[in-house]
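Given next are the chains, with one letter for each unit.
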Amino acid sequence: MADSSSPPEEPTQTSDSDMNANSLSETSIETIAQKVQDSLSLGKRHKFWETQPVGQFKDIGDTSLPGGPIEDPTPLSEVKQEPYNLPSVYEWTTCDLDSDEVCGEVFSLLSNNYVEDDENMFRFNYSKEFLRWALHPPGYYRSWHIGVRAKGSKKLVAFISGIPARIRVRNEVVKMAEINFLCVHKKLRSKRLAPVMIKEVTRRVHLENIWQAAYTAGVVLPTPITTCQYWHRSLNPKKLIDVGFSGLGARMTMSRTIKLYKLPESTVTPGFRKMEVRDIPAVTRLLRNYLSHYAVAPDFDEDDVQHWLLPTENVVDSYLVESPESHELTDFCSFYTLPSTILGNQNYSLLKAAYSYYNVSTRTPLLQLMNDALIVAKQRDYDVFNALDVMENGTFLKELKFGPGDGQLHYYLYNYRLNQALKPTELGLVLL
Amino acid sequence: MEEWRELTQSVIIGLIFSFLVAKLISVLMSFREDKLRLVRESDIPEEPNSLTTETSFAATERGNQSIYGEHKQPAHGEQKPLLEGIHAQEEDEDDDWEGVESTELDEAFSAATAFVATAASDRLSQKVSTDIQLQLYGLYKIATEGPCTVPQPSALKVSARAKWNAWQRLGAMPPEEAMQKYITIVTELYPTWASGSTSKKKEESGDNSSSAKGTMGPVFSSFVYEEHADHEIKMDAIHASAREGETTDLLKYIEDGVSVNLRDSEGRSPLHWAVDRGHVNNVELLIRKGADVNIQDDEGQTPLHYAALCDREAIAKLLVEHSAGLDIKDNDGNTPSDLCEPSWLWMRPCTN
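Listed in order, the protein sequences are those of chains A and B. Count the first sequence with our numbering and you get residues 1 to 432, in order. Count the second sequence with our numbering and you get residues 1 to 352, in order.
It should be emphasised that the hints constitute simulated quantities derived from the structure, not laboratory data. As the structure is a computational prediction, the values presented were derived from the model and not from experiment. There could be a bad hint or two in this list.
[Stated by the list, open to error] The calculated DSSO-like cross-link candidates involving lysine-lysine, where the alpha carbons are at most 30 angstroms apart (straight line), are:
hint: 1; chain 1: A; residue 1: Lys47; chain 2: B; residue 2: Lys163
hint: 2; chain 1: B; residue 1: Lys317; chain 2: B; residue 2: Lys289
hint: 3; chain 1: A; residue 1: Lys47; chain 2: B; residue 2: Lys181
hint: 4; chain 1: A; residue 1: Lys259; chain 2: B; residue 2: Lys329
hint: 5; chain 1: A; residue 1: Lys199; chain 2: A; residue 2: Lys47
hint: 6; chain 1: A; residue 1: Lys47; chain 2: A; residue 2: Lys238
hint: 7; chain 1: A; residue 1: Lys175; chain 2: A; residue 2: Lys128
hint: 8; chain 1: B; residue 1: Lys157; chain 2: A; residue 2: Lys80
hint: 9; chain 1: A; residue 1: Lys239; chain 2: B; residue 2: Lys234
hint: 10; chain 1: A; residue 1: Lys47; chain 2: B; residue 2: Lys157
hint: 11; chain 1: B; residue 1: Lys234; chain 2: A; residue 2: Lys398
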């Protein structure tokens with residue numbers, strides 16, 4: 001993170017940053033291999049992951065291994081029937097997010113203990129509505145919303161969740177669990193609860209006869225299917241600078257920065273409007289066709305589109321272009337809302353961020369479509385618009401004044417081997 | 001000819017082979033070096049005090065006030081409250097952390113396991129018999145997972161079977177007892193292990209803080225690069241002091257005879273810079289020293305344009321009180337009131 005009090009930088013930084021931006025966007029097997037080597041030479045081993053059916057570091061580049069499931073399913077009767085043991089002072093609980101009380105407990109566990117940036121200036125603050133949306137897709141299993149409570153106080157001290165998803169890997173649609181929201185209370189971090197929680201959610205996924213999973217992480221574990229880069233587009237540069245999300249170089253003025261990121265008051269594409277219920281079939285067609293071009297992507301049906309993409313206030317927004325003449329739906333863009341708590345700033349407490357979700361352009365240039373998405377986000381008072389370099393996002397990032405972020409996101413599959421790592425541009429999957 | 005080809009082939013193969021060997025050796029060496037460093041680090045005598053001050057200093061710097069706040073149990077682990085106190089102010093109200101918070105035993109146990117994990121890959125481990133290793137394994141499983149409930153592995157898997165037996169044998173031993181026994185065994189084997197625990201602890205806590213983003217889930221990302229000018233800009237010390245809010249320096253430059261309206265390579269005066277960064281004191285000083293409030297930079301913008309763009313209302317009012325022009329247009333044809341927030345009603349009437 002840039003520090004506004006850092007010494008004056010030389011203007012040569014421009015070329016520097018361009019160069020880096022280029023190298024950042026080309027993630028390949030070599031870079032993953034390099035990271036693996038780095039983490040190995042640090043003496044870091046992944047004792048837990050080495051025991052799991054995941055691509056192992058030692059197998060990188062071994063093309064003789066077959067793609068597909070690493071382990072065959074075991075008969076359901078052989079799946080462990082009782083939960084894994086927790087240290088004696090804790091107990092498992094299943095979290096019913098429909099209950100306001102439980103939803104509030106999960107919300108406050110996450111908002112106080114979930115992911116922070118390296119400098120501990122920001123912490124994700126998923127809203128309750130967002131959590132319900134994220135955890136209640138069609139066909140969800142309540143038993144996959146797993147909490148840990150302290151036996152004495154009944155306090156919720158840890159959480160992990162899975163949701164069912166059909167994910168296409170190359171030519172095969174695989175039923176998977178998407179694992180997310182693994183959070184252990186800050187005061188319990190030394191207790192190594194995470195491995196047992198991962199094992200427990202795996203067990204409960206197996207009980208539903210599902211044997212694969214998808215998840216992301218900020219660190220390199222064995223072994224990423226691809227590594228993506230976060231990019232950010234300032235919408236409210238003054239606030240971003242004031243709270244330390246971005247820095248202001250000594251020779252740059254605030255006023256010029258603000259001018260640089262100014263956006264038109266209203267969208268420019270004729271027929272650009274919010275998605276409605278009646279659009280579900282057309283959007284599903286548009287999206288299915290588009291996502292079929294990616295090596296790994298969700299297999300959405302109309303129910304999924306209704307759940308994941310129909311606009312929900314402060315959770316997910318979707319816009320589309322309806323041709324003014326033919327009334328055909330030609331383009332689509334969406335973003336979800338994930339605010340973060342700003343820690344220790346007197347003037348601001350919440351950073352409002354939009355995250356690019358699924359975008360499809362068939363007639364409107366993607367650049368123009370996403371520029372309209374930025375304009376809408378600005379109108380709605382978002383501070384920043386974030387995007388990964390997945391799908392075709394790389395084609396508009398620089399031109400629309402996104403800057404590279406310090407966060408890399410690694411994507412993983414559990415019990416499924418890809419013969420070859422993907423480029424981010426081959427990935428059509430966005431996990432929340 | 002044929003001979004030549006064979007010769008070149010064998011030379012090339014030889015080269016590739018020796019390169020691979022060299023690579024392997026360098027990898028092995030780097031492993032060894034890490035080990036050595038670890039050992040050396042643990043040789044350094046424990047200095048909890050210096051560590052404590054460092055941590056508390058870092059925490060204070062970050063602007064988190066109540067470092068010691070709200071921890072009702074100062075007894076355990078000296079560094080702990082400091083490391084965790086960073087977020088003390090927003091911790092939950094209830095102090096019922098009994099059985100929830102890590103106990104001293106937990107801490108010692110996890111330090112011991114961390115020690116074993118590093119020692120096991122070391123040559124030191126040669127002197128530990130398989131029996132003891134199995135015993136440690138069983139205790140570890142009891143402490144972390146409780147009684148053994150997994151099915152017995154097949155007799156063909158000798159080592160898996162032995163491990164299973166070691167775990168199974170301990171029955172329903174309470175985890176606390178298992179931790180205690182584990183620590184006792186480690187202490188018998190390596191009486192000095194605990195003295196190296198400071199460095200271990202440091203690593204551990206590094207692990208923990210990163211485990212916030214270290215395990216699974218999304219990542220919080222922010223900009224890598226600062227906002228910077230797209231070409232070289234030359235400015236003088238007076239501009240820098242105006243920008244940084246260094247009022248004393250600014251006054252000194254003016255008294256030394258530097259022009260109060262000196263322009264940088266973009267035509268900006270010290271007043272532009274002071275307004276841009278929102279330093280009211282500097283703005284007042286510059287006005288008092290006769291700075292031109294309507295001075296325009298190369299883009300035709302006055303300090304009032306800057307105040308409007310950067311949403312600095314108090315400074316804008318101050319400038320207007322000192323007869324800053326409301327209807328000066330910049331090169332894009334905008335007056336300050338075209339650029340200000342809609343909420344600046346006091347500036348509005350002048351637009352027409």
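A quick look at each hint next to the structure:
1. A/Lys47 to B/Lys163: holds, 16 angstroms
2. B/Lys317 to B/Lys289: Holds. B/Lys317 to B/Lys289 sits at ~18 angstroms (cutoff 30 angstroms).
3. A/Lys47 to B/Lys181: holds, 23 angstroms
4. A/Lys259 to B/Lys329: Holds, at roughly 16 angstroms.
5. A/Lys199 to A/Lys47: Roughly 14 angstroms between the alpha carbons, so the hint for A/Lys199 and A/Lys47 holds.
6. A/Lys47 to A/Lys238: violated, 45 angstroms
7. A/Lys175 to A/Lys128: holds, 27 angstroms
8. B/Lys157 to A/Lys80: Answer holds: B/Lys157 to A/Lys80 is near 20 angstroms, not above 30 angstroms.
9. A/Lys239 to B/Lys234: Given pair A/Lys239, B/Lys234 holds - Cα atoms ~27 angstroms apart, limit 30 angstroms.
10. A/Lys47 to B/Lys157: holds, 20 angstroms
11. B/Lys234 to A/Lys398: holds, 27 angstroms
Comparing the model with each earlier hint shows a violation of hint 6 alone; every other hint is respected.
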